[in-house]
Amino acid sequence: MPIKTLESYLFERGLVGSYPIDILKNATIGIDVNHYLSRIINNKKNNQLTDAIGEFLPNNLNHFLENDLKIFEENKITPIFVFNGLLTVNQAEYHHSNARFNEGAVNNLEDINTNIFFNKFKISNHRDKAWRSYEYSVKKNQETYIDQPVVPHLSENFNYANNINFSTNLKNYLIRFFIERKISYQVAPYSSWLQLSYLYDSEFIDIIYGPTDCLMLPNMEKFIIGMEFLNKEFRFIDKTKILKDLDLTNDEFVDIAMVLGNDLQPLTLPPLNTINLPTNKMPNSSNNGSNINTNAIVDMAIDMVYNTGTNFYVYQLNNLLQDNNKKNLQFYQRGYSSLKNMPVLQANGKVQLYSSESVLNARDLDKKKNKSTETGSKQITADKQLTTQYEIPNDVYDFIGQQLPAEYYFYQSIGLLDTKLLETLTSGFYYEDIPFSGVPTKSYKQLIKKSAEVFKDLEIGLLTSPINRYYQIKTIKAIIYNNVSGENPDEIQLTNKVTPPTFDKINKIVVKTKTNQQFTIKSFVKLLSNSKDLTKDFTSEIVLFPNTVSSEDKLNVAFDLLATNLLRTLCLLGIFEYDVKAKSLEPTKWGKLLLNFPHLNITETNYSALLVLMIFIKLNVLPFTDSLETTAVSTLSNATLRSYPVESSYIDILSRLLTLYQIGLENSSNDSSNNSNYHGPIDRSSLIVKDHFDYINNNLKELFQSVLVASLASGEFNRLSLKGNTAWQSEIIARLPFNEENTNTIMSMMWEYFLQKYLHNGNTKTDALAFVSTEFKTLKITTEIDEKFNDSLKFLKEVLVLSKELNESNLMNSKEYEIIGKSLEFAEKALSS
Amino acid sequence: MKGGNFSNKKQSGGSSYHNSNRSHATSQAMFAESPETLASFTDRQDYLFVNSIGSEVTATLFSGTKFSGILSAYNPESKEGIEIVLKFPKLVDVGFSDIDTKDSETKLGETLLFHGKDVAELELNNISFSLDEKYEQANKKREIISQQPIKQQNTTSHTEQSSKFKTDVDISKSAPKIKERELQKWAPEADDSSALNQGLDDGSSNWDQFAVNEKKFGVTSSYDEHFYTTKIDKSHPEYRKRLQEAEKLAKEIESQGSSNIHVAEDRGLIIDDSGMDEEDKYSGVDRRGDELLAALKSNTKPIENKPSKYVPPTLRHQPHHIDPAIISSVTEQSTVGAPASTMKAGPTLNTKNIEGKSDSTKISYSNVVKNGIQKTIYSVGTSTKENFNSKETQIEDLKKFSQKFKVPFKVPEDMKEVVKKSEEPKDSNSTKGSSKASSSGKGTDGKRPSISSRRRHATIFFGSQGLPHSNNRKKEIFNNNFNMFESAKASYDKNIEKAESEMGKEEKIMQPFIIEKPYFTAPTWESTIEKSHKALFPDERVLVQKAQMRLQQRQMRSYDPNMGNHQMQMAMGGMIGYPMSTAGINPLMNGGMSMYVPMQQPMMYPGMVPQMVGVMGSSGKEGAKGMSPQQQYQSLGYGGPAPVHLGNPYMYQGGMTFNQGMAGHSQPQNSHYKPNSHHNSNFNRHNNNNNIYYYNNNNYKNNNNSHYNNHYRNNNANGHPTKNQGNGSESNKNSNTQEPTSKNVNE
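Top line first, the protein sequences correspond to chains A and B.
If you count the first sequence from 1, position 711 lands on 711 in full-length UniProt numbering, and the numbers rise without skipping.
If you count the second sequence from 1, position 626 lands on 626 in full-length UniProt numbering, and the numbers rise without skipping.
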């Protein structure tokens, strides 16, 4: 989050310079991903429905990324993208807490100055409201509506203030994207722009493309605030000029930034929070109006400094009598201190506290030294270490958070370990995300509760056992919200210590192939199913981690590492069974089914979706026979439901299953005409089911990561076998399973409307298909709609094959199997008519 | 005439030379000359005497008696000899006369008259010739010439002619050498910096010419503004209607856009004037479109980036650098190679500077040149580690200037491409080559400016040293770092190597390679002091003190008229900072500066400050309605003294009291104050509505450089854009013009 309202203020006052992009020729630019994305998204206000179809990717993101990278390439600019890492204490409190924070009318400002992290309850509230208003309009039309879907009104926006949900999924997606294109990236341990500041100081980059927060850094003379790729121009901020123009010292500026609210201190503090700005109710009204509002607040802060010499810190100190103000003071202090002591990942791989101020001082000192001595040759930039001594207080954990081992930060930095898991360790809370569909349904809540035992306990146990004992004893809770406002959440205490430790139960499972093949779930399953004796092939007599084991006997290739840990993960989930005493590795019924996949001719891309479906069925929180009607208004018309009750239930089953199907964004993004802004029907009930699948997939991913990190941290893998971070990225990160899910509800909706139309239109396929292609015309996949239907039908058939097997193994209710079979029959009939 | 050594000792006044030991034998020389020539001699003599009035002279009478005294009068019309009057005469030498020395001293009195016939010799000491710059210039030039080969010839011809008739030129040629002054950088003195940049209409006092005239000379003015403008009849029944109509018209006119940026600015329109300098905005001829026209005319061959600015003829054959520093440096270099050039100072300075000998008393002119050269050196890329920290400010100035410079119109897209294409082959050369070529100034290739300008921009943007190179391996370096395992390995290898070299290769080193185990990391961060982060905050009082100090500084500065007149500052800065030609110091510059000083000085009234303080503080209270932080400071009693509102004179709340404070300058309120009271009412309204702390919010804004800004900020700060639109522009009008009509409207 940038310094609130400052950006528009600077633009209005003409304090932002601009140059053609080719000036940056040969430069290396450090890009703050949060800032970069917020600019893409804010410029294109067309993502109203991404949240409604359950997609974490904003429309056209791919397209913009590709174009921007192309321009970088043309100008020989090297971009280095830096992601945000863990949240500082201030940020976490603001993001996760449901407190209203005494912010008053300033909340409106956030609508204007959108950025990535938000109080998440604002987002969920917003989504819920949008859904309710949509459902209201559906109900109103229910009598007249037969087969024409109710499309949400154009003004309805499911994304809170055009906020893109900067989820882990998006981060992982982008990381894969960057790896594919050989673009350098890094996940900062904490604040991305402060990591960039470090990179700038150490001359890894020539210039920063970041948020206004960079103005708080004393070392930052110039940085880029925006790129106008169309005009081939970039906008930059010259700090000296701005401070001169505003007639402020650096300290005064930081003081003002701390009350305005910025990345490190997200609240707008008194006295500025009491300003009753004229609200701008119409989001579509002219920008000028909103800018005047937002600028007033900066003006006011500056005027207070000009006219009365206000120091806002002193102001906070002296207003402790009022309620909430102690909190305000605390927020100020923490924010200010985080600016001065921010952990950054240093070139040597260590995470250390960094203060740009001290670096600046050290440099001055250096200069003076150099002046007196002769001008010695300069060090090579990469070797340059910014080790400077400055006053580091003894309670950094109070405003940053607790320290984790450098190795964990390293895994985070390359994208191997999700920030959320690390956050759980430091904060002691695993905050469940609020689903796309808004309110968590009963079955969803049940799923979360079950997952605490199935996934979370294991994750925490695996992650805490290699690190400091403090974390093994620390209580860690999972927080489950019961409503969108986050009030009265359920807390589940997680078990971090089990005896014997989880890792000990699985560490003799080893896959050693020493092949160079790329890891996929399919290749993994194939390897297992080809084995005649799992115990013999995939267990080891000895553990691999001690130093006594020579590096040749350890895991040496990426495939082995990933396969070993996926096998272990599946063991933990009960798909395989490893008996420690008997030292035997056997597949369970589920496992046998999985091993049968290659014989069932399952398509490679469907492996992970079907694995998720298996876990879903195994957890048994939402049987296919259960109706969702109580939680969401059906998308099908009353006419359909009344005239074709059986077919309606078939349609329901099909739409649920199809949320697992990846329609794939590639089709739309490859289209050079790019305007694939989705606007069409939406469906909450499919979304609810999709949330379940997403949740399971996410947990699978997190569990796998935990197993992987436990293995890596213990030293089972020869960590020097991969040369440089690029090797880690391309061989491991790009191959992580459960990491690539990108589904939405579009295919299931297409089937719904297709079948509904088919029913009402005298069972003719062509009309129904034509109808669907008009309804979903904004998707730009209409030309190949037949293909899409056939492809998804193939997926459904594979599901049917799986459920048949499941049914035969008594793993699935025969009723469920039956209805899936009948639904599919119906679908096939409709499509082949 | 004898002697005539011009010593260039610099006096505090700055621009006058003193001619010491210059004596004149004043005899009625018996020249066999024509009357005209004689007359001209007389003229010169007259000039000499007029200039020597006030200086000490020694007169020798025919009696041999010598008197010294101050020459107070001289009779140019005397027919015989030189008639003079001496003040405070003193007897120096009795000579042959029989005057009693002691006696005479008492008798001499205050003035002494000499008849022309009595004066035998007159010795004039310390005559002050107020030489103007031109004269000095001429001398300098001649001096330079005299050191050139031509000198020889000149001097010989001079000696040949010396016995003959001398023309003016001859005489002046034979005049003694004039040494060049050692120039010193002008720096404002701490206390008078403000006066120099003062503009004409931003003085802090109310200068009333009529009042002063009446007081000083007893002249009562019959001035009536209605001689010059239409009288507005307020009693007219349709006055209101007319007023509204007038306002409407005014708004209409003002709301019209204008392509002229100056007009647009006057009308309070928001324009993007980045990249325009003062000339473009206010005085330059609008040349937008010239390029396009030219391109049309020769549409087969598009015109290259022509400089859009007027280029002095002397510079037309230079490569078209825009940066003045480069211009000067290039001009310097070209003079080196051109012997016909009469510049001498340039080359010497040049070589000296390139060698990097730093001279503490280096004149500012040479500094600029030096920087220019250094800059080109840097942009070439052979970055020698020369220390030029002390010049950083100047470089910064130069950078700013060139940042501002931008071709003030949009080049059409297709043009850009054409230009780009023609650039590309050049670009493929090493950057070193291309920029070197452009700075060496050889050739007049029209394509070059665009390249050098891009490079220059890049230099400006990244700083001279941070310029990214084409062999940028930063990505590689980046990818190979940030990996704790590899750095552990690297340091291990290093240790082994070290150990091996110490112990000898025979012994095997038994040092296991260990990657630090994660459990060694404590959950707390390493600290250097045993203190909480809360304890690291500065003391509350220190902070308040600091803030108050800054407040006072700021308000003192708000007196500084150059805040109020940005343009003036710019113009002056431009002249001081960037001599555009190599012709030495622009004579206008000195003149210009000294012209401003006396005019501005009367407008500074630092003595008034204390008088204002109390009054304004209290007025603040009234306005703030208990919401201002100031109020809180006071009520909480920690803030020390109440914040001092030294404010600027425009501050509306204090407007009236401020006038009272200016006792002795009793003037009617001038129209500056009107808008303030106007705002005041506005402001109060806001206070009531929103309870916002807003008082004095104009303080800063009125200081704020441009009227446009003023306008804009007022609107914004009030937060009611539509409501206040009219008010804002009105006040804008008022503060800019003293037009009677608007004055009336306001009332």
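Take the hints with a grain of salt, since some may be wrong.
Unchecked claim - Think about it this way: if two alpha-carbon atoms lie no more than 25 Å apart in a straight line, the pair counts; the simulated BS3-like pairs of lysine-lysine are:
no.	chain 1	residue 1	chain 2	residue 2
1	A	K536	A	K505
2	A	K514	B	K489
3	A	K618	A	K522
4	A	K232	A	K526
5	B	K489	A	K25
6	B	K546	A	K244
7	B	K400	A	K244
8	A	K25	B	K400
9	B	K531	A	K723
10	A	K222	B	K517
11	A	K326	B	K531
12	A	K232	B	K399
13	A	K505	A	K340
14	A	K723	B	K489
15	A	K327	B	K534
16	B	K400	A	K420
17	A	K239	B	K517
18	A	K526	A	K797
19	B	K531	A	K232
20	A	K326	B	K546
21	B	K489	A	K554
22	B	K546	A	K723
23	A	K589	A	K554
What the hints assert, rightly or not - Some residues of chain A that are not near chain B, with every Cβ distance over 12 Å (derived):
no.	residue
24	V151
25	N307
26	V396
27	D537
28	S627
29	V633
30	K765
In case anyone wonders, no lab produced these hints; they're calculated from the structure.
No residue lacks a Cβ here, since even glycine has one placed at the ideal position from N, Cα and C.
Hint by hint, here is what the structure shows:
no.	hint	result
1	A:K536 / A:K505	17 Å, holds
2	A:K514 / B:K489	23 Å, holds
3	A:K618 / A:K522	21 Å, holds
4	A:K232 / A:K526	50 Å, violated
5	B:K489 / A:K25	35 Å, violated
6	B:K546 / A:K244	18 Å, holds
7	B:K400 / A:K244	13 Å, holds
8	A:K25 / B:K400	21 Å, holds
9	B:K531 / A:K723	42 Å, violated
10	A:K222 / B:K517	40 Å, violated
11	A:K326 / B:K531	20 Å, holds
12	A:K232 / B:K399	22 Å, holds
13	A:K505 / A:K340	44 Å, violated
14	A:K723 / B:K489	11 Å, holds
15	A:K327 / B:K534	14 Å, holds
16	B:K400 / A:K420	46 Å, violated
17	A:K239 / B:K517	42 Å, violated
18	A:K526 / A:K797	21 Å, holds
19	B:K531 / A:K232	50 Å, violated
20	A:K326 / B:K546	24 Å, holds
21	B:K489 / A:K554	17 Å, holds
22	B:K546 / A:K723	53 Å, violated
23	A:K589 / A:K554	31 Å, violated
24	V151	36 Å, holds
25	N307	5 Å, violated
26	V396	4 Å, violated
27	D537	29 Å, holds
28	S627	48 Å, holds
29	V633	43 Å, holds
30	K765	49 Å, holds
Against the hints set out earlier in the document, violations occur for numbers 4, 5, 9, 10, 13, 16, 17, 19, 22, 23, 25, 26.
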